[in-house]
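Q: Chain C is fixed; fit chain B onto it per the hints.
Here's the letter readout for the chains.
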Amino acid sequence: GAVVSQHPSWVICKSGTSVKIECRSLDFQATTMFWYRQFPKQSLMLMATSNEGSKATYEQGVEKDKFLINHASLTLSTLTVTSAHPEDSSFYICSATGQTYEQYFGPGTRLTVT
Amino acid sequence: QKEVEQDPGPLSVPEGAIVSLNCTYSNSAFQYFMWYRQYSRKGPELLMYTYSSGNKEDGRFTAQVDKSSKYISLFIRDSQPSDSATYLCAMIREDSSYKLIFGSGTRLLVRP
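Residue numbers (the numbering used here), protein chains in the order written: chain C, -14 to 99; chain B, 13 to 124.
Don't read these hints as lab results, they were simulated from the structure. Any given hint might turn out to be false.
[To be verified] What follows is a list of derived Cβ distance ranges for each label pair: (1) Thr65/C / Asp90/B: 43 to 49 angstroms; (2) Gln45/C / Ser40/B: 21 to 27 angstroms; (3) Lys82/B / Pro71/C: 46 to 52 angstroms; (4) Asp90/B / Ser3/C: 25 to 31 angstroms; (5) Ser85/B / Glu37/C: 33 to 39 angstroms; (6) Glu69/B / Ser68/C: 28 to 34 angstroms; (7) Pro26/B / Pro71/C: 39 to 45 angstroms; (8) Ser81/B / Ser0/C: 45 to 51 angstroms; (9) Glu27/B / Pro71/C: 40 to 46 angstroms; (10) Glu44/C / Tyr63/B: 36 to 42 angstroms; (11) Glu69/B / Cys(-2)/C: 28 to 34 angstroms; (12) Gln14/C / Lys111/B: 30 to 36 angstroms; (13) Thr65/C / Asp19/B: 18 to 24 angstroms.
[To be verified] Computed footprint of chain B on chain C; a stretch qualifies when at least three of its residues, placed anywhere within it, have a C-beta under 8 angstroms from a C-beta of chain B: (14) 28 to 37; (15) 59 to 71; (16) 86 to 93.
A virtual CB, placed ideally from N, CA and C, is assigned to each residue, including glycine.
Chain C extracted, bound-state conformation:
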């Protein structure tokens, strides 16, 4: 299967600071990338969909000014959590899809805000 990487795998930051998470498709061109968050023992919650060169589409209830998404190339999308607070602590996972409907996930990033 196709490979999607995320960096960093774990980040701790102080309340009020911003954190950037990178998502890369390593062996295919990702026309669409998705960002999810997941709380313990729960399923994935879609936050936003991004297409290369376009503005991201956010799900209802997700603050676009707080979770900035940039999909600048066909292999890279970034999620920036601005002015992070402890309630933003979660597991953030990206996924990517190319020309088919198969969707491949990254390994996830654990964010802890102190």
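A: Positioned in the frame of chain C, the structure of chain B alone reads:
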């Protein structure tokens, strides 16, 4: 009512057993069906991908889709302790911008 229903388990089986995991759905517009395996604190791994109704086999895994009943299954033969994980079904409506609709996931424990 959720669009996709999946029994959360946990499902506990002895090593070597055949495991059956299932999901039901309500929207007949779903055309693409996937099964993911997720280990704790890891991203989901795509196991099986099928389009419309039918069966698909890959090693110890078999995926079945019955669109008339709105029911999908994943069978795992000769289950191993390393198969212990959460299994998520997911599906996509055609022309929906590739957005996955997930089941809640079934926790599977394979006992040595």
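Q: Now tell me, hint by hint, if it's right for this structure.
A: Tested hints:
1. Checked against the given bound of 43 to 49 angstroms, the beta carbons of threonine 65/C and aspartate 90/B, roughly 45 angstroms apart, stay inside it.
2. The given range of 21 to 27 angstroms is respected by glutamine 45/C and serine 40/B, whose C-beta atoms sit roughly 24 angstroms from each other.
3. Checked against the given bound of 46 to 52 angstroms, the beta carbons of lysine 82/B and proline 71/C, roughly 41 angstroms apart, lie outside it.
4. Range check, aspartate 90/B to serine 3/C: Cβ separation about 48 angstroms, and the 25 to 31 angstroms hint is violated.
5. Our hint of 33 to 39 angstroms for serine 85/B and glutamate 37/C holds, since their Cβ atoms are close to 35 angstroms apart.
6. In this structure the hint that glutamate 69/B and serine 68/C lie 28 to 34 angstroms apart at CB is violated, the actual value being about 49 angstroms.
7. At roughly 42 angstroms, the beta carbons of proline 26/B and proline 71/C sit within the given window of 39 to 45 angstroms.
8. Restraint check, serine 81/B to serine 0/C: a C-beta distance of roughly 50 angstroms satisfies the suggested window 45 to 51 angstroms.
9. A hinted range of 40 to 46 angstroms holds for the C-beta pair glutamate 27/B and proline 71/C, which are about 41 angstroms apart.
10. About 25 angstroms separates the C-beta atoms of glutamate 44/C and tyrosine 63/B, a value inconsistent with the hinted range of 36 to 42 angstroms.
11. Taking the beta carbon of each, glutamate 69/B and cysteine -2/C are about 46 angstroms apart, not inside 28 to 34 angstroms as hinted.
12. The supplied range of 30 to 36 angstroms is broken by glutamine 14/C and lysine 111/B, whose beta-carbon atoms lie about 19 angstroms from each other.
13. Range check, threonine 65/C to aspartate 19/B: about 37 angstroms between beta-carbon atoms, so the 18 to 24 angstroms window is missed.
14. For the stretch 28 to 37 of chain C, the stated coverage by chain B holds: 4 residues have a C-beta nearer than 8 angstroms to a C-beta of that chain, and at least 3 were required.
15. Here's how the stretch 59 to 71 of chain C fares: 0 of its residues keep a CB closer than 8 angstroms to some CB of chain B, so the rule of at least three is not met and the hint is violated.
16. Taking a C-beta to C-beta cut-off of 8 angstroms, the stretch 86 to 93 of chain C contributes 8 residues in contact with chain B, enough for the three needed, and the coverage statement holds.
In the structure shown, a violation is registered for the earlier hints numbered 3, 4, 6, 10, 11, 12, 13, 15, in ascending order.
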